[in-house]
Structure formats: C-alpha cells, structure tokens
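The task is simple: from the sequences and hints, build the whole structure.
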Amino acid sequence: MAKVLIVYCSRTGNTEEMAKALEQGAKTVSAEVVRKKATEVEPADFLDCGAVAFGSPTNFGYMAGA
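In this note's numbering, the protein residues as written are 1 to 66.
Just so you know, the hints here were simulated from the structure itself, not pulled from any lab data. Glycine is no exception: its CB is placed at the ideal position from the N, C-alpha and C atoms.
SDA-like mimics (lysine to any residue), calculated; alpha carbons at most 25 Å apart, straight line:
| id | residue 1 | residue 2 |
| --- | --- | --- |
| 1 | 3 | 43 |
| 2 | 36 | 13 |
| 3 | 27 | 5 |
| 4 | 3 | 51 |
| 5 | 3 | 21 |
Ranges between beta-carbon positions, derived for each pair:
| id | residue 1 | residue 2 | range |
| --- | --- | --- | --- |
| 6 | 31 | 59 | 27 to 35 Å |
| 7 | 29 | 60 | 34 to 42 Å |
| 8 | 16 | 62 | 13 to 21 Å |
| 9 | 61 | 29 | 26 to 34 Å |
| 10 | 27 | 60 | 32 to 40 Å |
| 11 | 17 | 50 | 17 to 25 Å |
| 12 | 54 | 32 | 17 to 25 Å |
| 13 | 2 | 60 | 34 to 42 Å |
| 14 | 61 | 28 | 26 to 34 Å |
| 15 | 30 | 59 | 30 to 38 Å |
| 16 | 59 | 3 | 28 to 36 Å |
| 17 | 20 | 44 | 18 to 26 Å |
| 18 | 62 | 1 | 28 to 36 Å |
Following this line, the structure appears as structure tokens:
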C-alpha cells in the first residue's frame with residue numbers, strides 16, 4: 001500500500017479543506033494517508049512515503065514561510 005504524506009499550512013481553513021479532500025481521494029485508492037500541519041511534521045514523517053503533497057496559502061505570489 002502506498003503511503004501519502006500531506007503537509008499543509010492554513011490560516012483561514014481553505015487550504016486545510018483542500019488537504020482533507022486530497023486525503024479522502026487518496027483513501028479511495030487504498031493509500032495510507034498521513035495529514036499534518038507544517039508546524040507538526042517531523043523529518044521521520046517523510047520516510048517510506050510514496051508521495052508527498054504540500055498545501056500553502058500564497059502571499060504576494062509566495063508560499064507561507066518563504
């Protein structure tokens with residue numbers, strides 16, 4: 001089974017909703033899904049991932065924290 005890590009940052013909740021939708025979609029093909037806020041993710045979370053998805057709001061064309 002593929003493991004998908006979803007890392008996101010959301011101020012207003014919109015990006016979090018997109019992360020949840022991605023999680024639901026990945027589960028429909030029997031993927032193991034880990035969804036975490038960017039402030040909670042650890043380096044070990046990236047081990048053994050078949051895919052990683054990042055979600056972030058944009059501020060003047062830049063991702064949060066950039």
